[in-house]
Amino acid sequence: MSNTAAPRRVIPIVEVAEDSLYEVRRKVYPRAVTGTFARWRWTLVWFTQILYYGMCWMPWNGRQAVLFHLVERKFYIFGMVLWPQDVFFLAVLLIISAFSLFLFTAVAGRLWCGYACPQTVYTEIFLWVEKFFQGDRAQRMRRDAARWKPENAARRFAKYFTWAAISLWTGFTFVGYFSPMNELVDSVLNWQVGPWELFWILFYGGSTYMGAGVLREQVCKYMCPYARFQSVMFDADTLVITYDNERGEARGGRKKGLVNREIASATGMGDCVDCSICVQVCPTGIDIRNGLQYECIGCGACIDACDQVMEKMEYPKGLIRYSTQNALAKHWQLGDIVRHIVRPRILIYSALLVLVGSAFIWGLASKPALRVDVSRDRAALAREVEGGLIENVYRLHVMNVSEVTQRYAVSVSGLSGIEFVGEHIIEVPATSAQSTTLRVRAPADGKRGAHVIYFDVKSIADERIKVHEKASFIQP
Amino acid sequence: MSDFVSGFWNIYITAISLISILFCVLLLWSQSTHKSTGGVQTTGHVWDEDLEEYSNPMPNWWRWLFYLTVIYSLAYLAVYPGLGSYKGSFGWTSVNEYDAEQKQAEHDYGPIFEKYRAMDIHAVAASTEGKEMGQRLFMTYCAQCHGSDARGANGCPNLTDKDWLWGGTAAQIKESVALGRDAMMPAKGLKPDLNGEQITDLANHVRSLSGLANDATRAKRGKELFTTACAACHGPEGKGTVGLAPNLSDGSWLYSSAESSIVETISKGRSNRMPAFGEFLGEAKVHLLTAYVVSLGGSMADNSVSPAPTDTAAAPSAATAEAAAENNLADL
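Residue numbers (the working numbering), protein chains in the order written: chain A, -15 to 460; chain B, 286 to 617.
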């Protein structure tokens, strides 16, 4: 690094655009980074991936703990069994996810992108593999420049192979959440994987390979819609990764130590030593010193990198840091920033989140262990039977959502003299459904049209399990 | 593609398709070589006072995706019909595809139908698979009127009981399915001069035949009228004649047993029709359908030619009909 006075020299890290309507992709070689935020990211990589790769192997009461059984159309989540009829909860869960996203994006920007998004997580894993075989940034660039040198090619193919193995395992794990793991393992070992399972293993695995190995920042820049609509959730009080322009500029090299800092500052130079490491570590290849950009996924790699450099220079850390637009403009301290987290939109998001979240938990907790669908026979509306009685035909679909066999007593009410021909006690095995046809009869009362009647289905063993279902009885 | 009324449209469609693709290629090419005036521009639109949109360059690999769509469309037009009356190298038509599917279905299912067609109806009714096939056919073609459980509805007979309007032997049922049945009860029977009072009297008599509540005086008067107006078809005791007139004494009612309904029947007559399915479905399916109806338990032995029996008991077991109703509803 030179220490000539105030050389306002800009290292052309980002090539000058060639004024075409198309942008030729520059390969990004992210340099490995350590530090607070890298640790956070790795913690989340471990956390999410132990969950993802591990959970499908966990047993629970003699079945897979988490299984979205597509063939049976039952969704097992530990002690809970959801049926397609519970899709409502999925909708609420999506609403909760959306509000959470709004909330933490308004507070601290693209936390999801930087730490938890599969694209980031798998890219991180793939980059680790890449580094293992091909070395860090500078080495990789050198090795790519001579890519067909036998050693370089061997290292490259070892990397491809490892990536492919990870991808296949990822695809296999994915399918293991939708098709029981033990059956899937059997079918894989016997080379008898079903066509759809094979498709999804390859498709999901292939997407992992393409996303984390090949496309990388292109996914974030050109394919992900979230990157494009995040700006509406940002405001001047949102924490974003920022380069302190005022403190950093004018940038330039100099010797380390506070004495040299004063000399530099006397010549009008800021604290940025223009080492370009913040650019080298960036997984999307941007220069954070140009300000907030849509490509920034908020991973904090540049913060870690810059802090290390500042430390070596014996300067205070935080030239690049989480800060807000207002904080920079008004020179706020940390306390001011924290105080401004509490603002109307944050309060509204939080309140909605608490509201919907509690409703969700309450709904799941009070979900009945029995569901009953009553459907009228679509063919015959009503008919007259012996004794001047009117008969309507219904199908009772009794779904036992609990994981034990249940016997239910069926009764019908709502019209005087109403009775039915059909099973009065129905036994339904655990987590399955039984259909039964009931011929409901009532005396012709002369009042033509639909009459409200009720079917009551009650568990004999547990009187809390009951359903009161409305239906209509047609008098011709 | 013989749908064109004149040769012009053939040329028109071909030209418009090819010119559009050519235009896309030219546009792509011109945009590839276009040089912007330097740096990233904004689109020039401003919203909400200061909101502008960058016109960032597109990723280069998208360009190849665009060219790929051009190649795809040309390949598509080469193998599938699309360019006017050009048939495409695959010679595909929706009619061909339909025919092929039909042929495949015939090939796949034909032998199964054939197997049951060759069997005796009672044997088919006793076999589980044959009965299930009949049941599925019943759900498709018959349940709309006769109900999913085959117990009928107003104007549509119950097929599970012993009351048969046109005979309950397997052969007679098969005839009903294949050829259909037309039934007509003339208004006021054989006495066109019946007045309202007399019709009510008749209705009371008819109700009395199956032991329903009635006005005894009216019923007595009605009984006399019945002999002249109705007995020719329904018989002196109203027990009916198979193939001619329903039994009025068995408690089984095609239309409602309410006095108002009987009055309506007598004063306006009834006309009803079971459509013929023979030509539409073919012998094999009619055979299976008949077997299913026989399996419901209401049919009579082949040698039985007596009119509908007088007992009013429902069919002994209509378990299959219930299962049928379930299946039908399950389709919903």
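For the record, the hints were derived by calculation from the structure and aren't laboratory data.
Among the hints, a few may not be true.
[To be verified] No more than 30 Å apart at the CA atoms, straight line, and that leaves these computed lysine-lysine pairs for BS3-like:
1. K431/A to K553/B
2. K314/A to K351/A
3. K505/B to K524/B
4. K431/A to K58/A
5. K524/B to K459/B
6. K524/B to K473/B
7. K459/B to K476/B
8. K11/A to K320/B
9. K431/A to K473/B
[Stated by the list, open to error] Here are the in silico distance ranges between beta carbons for each label pair:
10. V355/B to T251/A: 26 to 36 Å
11. W346/B to L74/A: 54 to 64 Å
12. L74/A to E338/B: 44 to 54 Å
13. G528/B to W180/A: 49 to 59 Å
14. L77/A to G376/B: 30 to 40 Å
15. G496/B to F73/A: 37 to 47 Å
16. R131/A to E334/B: 34 to 44 Å
17. V355/B to W180/A: 30 to 40 Å
18. W180/A to W377/B: 21 to 31 Å
19. L173/A to F375/B: 52 to 62 Å
20. S81/A to W346/B: 25 to 35 Å
We put the beta carbon where it would ideally sit given N, CA and C, even for glycine.
How the hints compare with the structure:
1. For the hint linking K431/A to K553/B, the alpha-carbon distance of about 24 Å falls within 30 Å, and the restraint holds.
2. With a C-alpha separation of about 52 Å, the suggested pairing of K314/A with K351/A is violated against the 30 Å cut-off.
3. Under the criterion of a C-alpha separation no larger than 30 Å, the hint pairing K505/B with K524/B is consistent with the structure, at around 18 Å.
4. Using a Cα cut-off of 30 Å, the hinted pair K431/A and K58/A is violated, with the two alpha carbons roughly 43 Å apart.
5. Between K524/B and K459/B the CA atoms are separated by roughly 24 Å; this keeps the pair inside 30 Å, and the hint holds.
6. Using a Cα cut-off of 30 Å, the hinted pair K524/B and K473/B holds, with the two alpha carbons roughly 18 Å apart.
7. The straight-line distance between the Cα atoms of K459/B and K476/B is roughly 35 Å, outside the 30 Å bound, and the hint therefore fails.
8. Restraint check for K11/A and K320/B: the C-alpha separation of about 23 Å stays at or below 30 Å, so the hint holds.
9. With a C-alpha separation of about 28 Å, the suggested pair K431/A and K473/B falls inside the 30 Å cut-off, and the hint holds.
10. In this structure the hint that V355/B and T251/A lie 26 to 36 Å apart at CB is violated, the actual value being about 58 Å.
11. At roughly 35 Å, the beta carbons of W346/B and L74/A sit outside the given window of 54 to 64 Å.
12. For L74/A and E338/B, the Cβ-Cβ distance of about 35 Å falls outside the hinted range of 44 to 54 Å, so the restraint is violated.
13. With their beta carbons about 56 Å apart, G528/B and W180/A fall inside the hinted range of 49 to 59 Å.
14. For the pair L77/A and G376/B, the supplied restraint of 30 to 40 Å is violated, since their beta-carbon distance comes to about 50 Å.
15. Under the hint 37 to 47 Å, the C-beta atoms of G496/B and F73/A, about 57 Å apart, miss the expected range.
16. A C-beta distance of roughly 51 Å is found between R131/A and E334/B, which places it outside the suggested range of 34 to 44 Å.
17. Between V355/B and W180/A the beta carbon distance is about 32 Å. The supplied range of 30 to 40 Å therefore holds.
18. Taking 21 to 31 Å as the suggested C-beta distance range, the pair W180/A and W377/B conforms, at roughly 26 Å.
19. Between L173/A and F375/B the Cβ separation comes to about 40 Å, which falls outside the hinted range of 52 to 62 Å.
20. For the hinted restraint 25 to 35 Å between S81/A and W346/B, the CB-CB distance of approximately 31 Å keeps it satisfied.
Checked against the numbered hints above, the structure breaks hints 2, 4, 7, 10, 11, 12, 14, 15, 16, 19 and satisfies the rest.
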